[in-house]
Amino acid sequence: MNTSDWDVIVIGAGPAGSTSAALLAEKGHRVLVLDKEKFPRYHIGESMMPFCWFTLDRLGLVDQMDKIGFQQKHSVQFVTMEGKMSRPFYFFQHYDHPSATTWQVERQEFDQMIIDKAVSNGAEFYDQTKVVAPIHNDAGSVVGVVAERDGERHELHAKLVVDASGRECFYASKNKWRKRDPHLSKVAIWTYYEGAVRDPGLDAGSTTVAYIPEKGWFWYIPMRDNKVSVGLVAENGYLFREGRDPAEIMDREIKENVWIQEHLAPGKQVGEYWVTGDYSYRSDYCATDGVVLVGDAFAFLDPVFSSGVFLALKSGEIAADAIDEALVAGDTSAERFEAYGHKVCEAIERMRKIVCAFYHPDFSFAKLVKNNPDLRPTLTDLLIGDIFVENQNFDALFDAVREICELPDDLEYGFKVKAADAVPLAG
Numbered sequence: 231m232n233t234s235d236w237d238v239i240v241i242g243a244g245p246a247g248s249t250s251a252a253l254l255a256e257k258g259h260r261v262l263v264l265d266k267e268k269f270p271r272y273h274i275g276e277s278m279m280p281f282c283w284f285t286l287d288r289l290g291l292v293d294q295m296d297k298i299g300f301q302q303k304h305s306v307q308f309v310t311m312e313g314k315m316s317r318p319f320y321f322f323q324h325y326d327h328p329s330a331t332t333w334q335v336e337r338q339e340f341d342q343m344i345i346d347k348a349v350s351n352g353a354e355f356y357d358q359t360k361v362v363a364p365i366h367n368d369a370g371s372v373v374g375v376v377a378e379r380d381g382e383r384h385e386l387h388a389k390l391v392v393d394a395s396g397r398e399c400f401y402a403s404k405n406k407w408r409k410r411d412p413h414l415s416k417v418a419i420w421t422y423y424e425g426a427v428r429d430p431g432l433d434a435g436s437t438t439v440a441y442i443p444e445k446g447w448f449w450y451i452p453m454r455d456n457k458v459s460v461g462l463v464a465e466n467g468y469l470f471r472e473g474r475d476p477a478e479i480m481d482r483e484i485k486e487n488v489w490i491q492e493h494l495a496p497g498k499q500v501g502e503y504w505v506t507g508d509y510s511y512r513s514d515y516c517a518t519d520g521v522v523l524v525g526d527a528f529a530f531l532d533p534v535f536s537s538g539v540f541l542a543l544k545s546g547e548i549a550a551d552a553i554d555e556a557l558v559a560g561d562t563s564a565e566r567f568e569a570y571g572h573k574v575c576e577a578i579e580r581m582r583k584i585v586c587a588f589y590h591p592d593f594s595f596a597k598l599v600k601n602n603p604d605l606r607p608t609l610t611d612l613l614i615g616d617i618f619v620e621n622q623n624f625d626a627l628f629d630a631v632r633e634i635c636e637l638p639d640d641l642e643y644g645f646k647v648k649a650a651d652a653v654p655l656a657g
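Per our numbering, the sequence shown starts with residue 231, numbered consecutively.
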C-alpha cells in the first residue's frame, strides 16, 4: 500500500466520494480513495433524479450510462390505495434537455463506473480497506487517517480528508455530530421481483409511488433484466404492529394497494429482504480543519423522490470545487468550506419541505396542483433536482403548501463549520 503523503484522502467510494476524487484528480491533485467493502458491491438507491445528468456530464460519463444500458426513466407517478394514478410528472414536458431522460441503476455497476473514472483520472483506490481513526496534529487539525488492510495498520497523511463514508458517518459519529431529523423517522423494507408487470411505452421505466395507510408508501422501480425493486416505507409502529418478519410485512402491505397487488401478481420475489431505519439525519457541521463531509456522511433526507444519489453526486461535485480552491490557496481550514455547507443545506431544506409535506395527513399533490395549477412547473423543478440555483425562489410553492398543511422550520444543522481548536481529539 502506498503510504506516501497525499493531497486528498477520500473515505468511501460511493457516488459522493468517487465524484470528488474524480474531479480533484482531474485537476492534478494526488488523491487516495479507501473503501472498506470489496468492489463492486450491492447498494440500495437505484432511482435517479434528472439533474444527476449534469454532474455525470461533467465527469464525462453520460455516454457510458447509455452504453451500460441502464433502464431509462421518464417520469414519476403517484397511485392511490384504490389504484387511481395521478397525471405522471413527465420530465420532458417540463423542459427540453437530454437530462429529461434519467435512469434506474444497479448501484454496483454505477458506483464502479464512477470510481473507475476517478482512477483513470489519476486517483489511487484501495477497497477492503477500513479507516479506523483520523490523525490530528498538535493544533487539532486532521492531517490524515489510520487505515487497516490485510490485517495491517497504515498511517496515511494528506492535506485534507473527505469523509464520504456513507451512513456510517465516520467523522460525524466519532464526534457526536450526527443529528436525527425530528420530523422524519421512517423505516424501509425492500426486496426484488422478477416478471412483475411493466407499464407500456414511456411508463415502462417510471418510478411509481403507491400509497398505503398512515401515509406509508411503496416504491416500484423497474430495472433491467425483467427485475423490479420494490420497497415499503412507513412509521415503525405501523410496519411492525403485528411482528417483525419483513416478508410477512411486505405480503400484508401489498394487499393495501390495488396497483401494487396487480403489478406484482405475475411476478416472483427473488433474493433477500432488506430493512433499514433511522436514516433521516444531518451532521451538525459540514467541515472542520482538514475534513469535509459529503454525501450520506454529511446528510441523508428520505428515499421518497429519489434525492439520495443526486445529493451525493452534487455535494461531491461542489465539495471538490471548494477543495481545489483550498488546496491551491494552501488553506484547508474549516472556514474555506462554509459556503459549501450553506449551498448544500439550502438545497436539502428545499427538498425537505416537500418531503415533510408528503408525509402530512392533509397533503396531496393532487390537491396542491388543483389549487395552484400555475405552480406545477415549480413543483416539477423540485422533483427533477433543480434546487441548487442561487437566488432560486420557491416561496410561492411553499406558501401554497402551508395552506394545506404545516411545514417544519429549517434545521440548523450542517450550515456551520467547526474550528479545530474546538474539536475533541476523537480516535
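Incorrect hints may appear among the rest.
To be verified - Restraint-style ranges between C-beta atoms, simulated for each label pair:
(1) 299 <-> 269: 17 to 27 Å
(2) 601 <-> 649: 46 to 56 Å
(3) 640 <-> 430: 39 to 49 Å
(4) 633 <-> 274: 33 to 43 Å
(5) 633 <-> 273: 14 to 24 Å
(6) 302 <-> 498: 33 to 43 Å
To be verified - Straight-line C-alpha distance at most 25 Å; calculated DSS-like pairs for lysine-lysine:
(7) 268 <-> 457
(8) 404 <-> 268
(9) 297 <-> 314
(10) 409 <-> 573
(11) 409 <-> 597
(12) 646 <-> 583
(13) 597 <-> 445
(14) 268 <-> 360
(15) 314 <-> 646
(16) 406 <-> 257
(17) 404 <-> 583
(18) 498 <-> 485
Simulated from the structure, these hints should not be mistaken for laboratory data. Since the structure is predicted, the reported quantities are computational estimates derived from the model, not experimental observations. All residues carry an ideal CB built from backbone N, CA and C; glycine is no exception.
Status of the hints after comparison with the structure:
no.: 1; hint: 299 <-> 269: 17 to 27 Å; verdict: holds, 20 Å
no.: 2; hint: 601 <-> 649: 46 to 56 Å; verdict: holds, 47 Å
no.: 3; hint: 640 <-> 430: 39 to 49 Å; verdict: holds, 42 Å
no.: 4; hint: 633 <-> 274: 33 to 43 Å; verdict: holds, 35 Å
no.: 5; hint: 633 <-> 273: 14 to 24 Å; verdict: violated, 39 Å
no.: 6; hint: 302 <-> 498: 33 to 43 Å; verdict: violated, 24 Å
no.: 7; hint: 268 <-> 457; verdict: holds, 24 Å
no.: 8; hint: 404 <-> 268; verdict: holds, 24 Å
no.: 9; hint: 297 <-> 314; verdict: violated, 35 Å
no.: 10; hint: 409 <-> 573; verdict: holds, 19 Å
no.: 11; hint: 409 <-> 597; verdict: violated, 33 Å
no.: 12; hint: 646 <-> 583; verdict: holds, 20 Å
no.: 13; hint: 597 <-> 445; verdict: holds, 15 Å
no.: 14; hint: 268 <-> 360; verdict: holds, 11 Å
no.: 15; hint: 314 <-> 646; verdict: violated, 44 Å
no.: 16; hint: 406 <-> 257; verdict: violated, 33 Å
no.: 17; hint: 404 <-> 583; verdict: violated, 29 Å
no.: 18; hint: 498 <-> 485; verdict: holds, 16 Å
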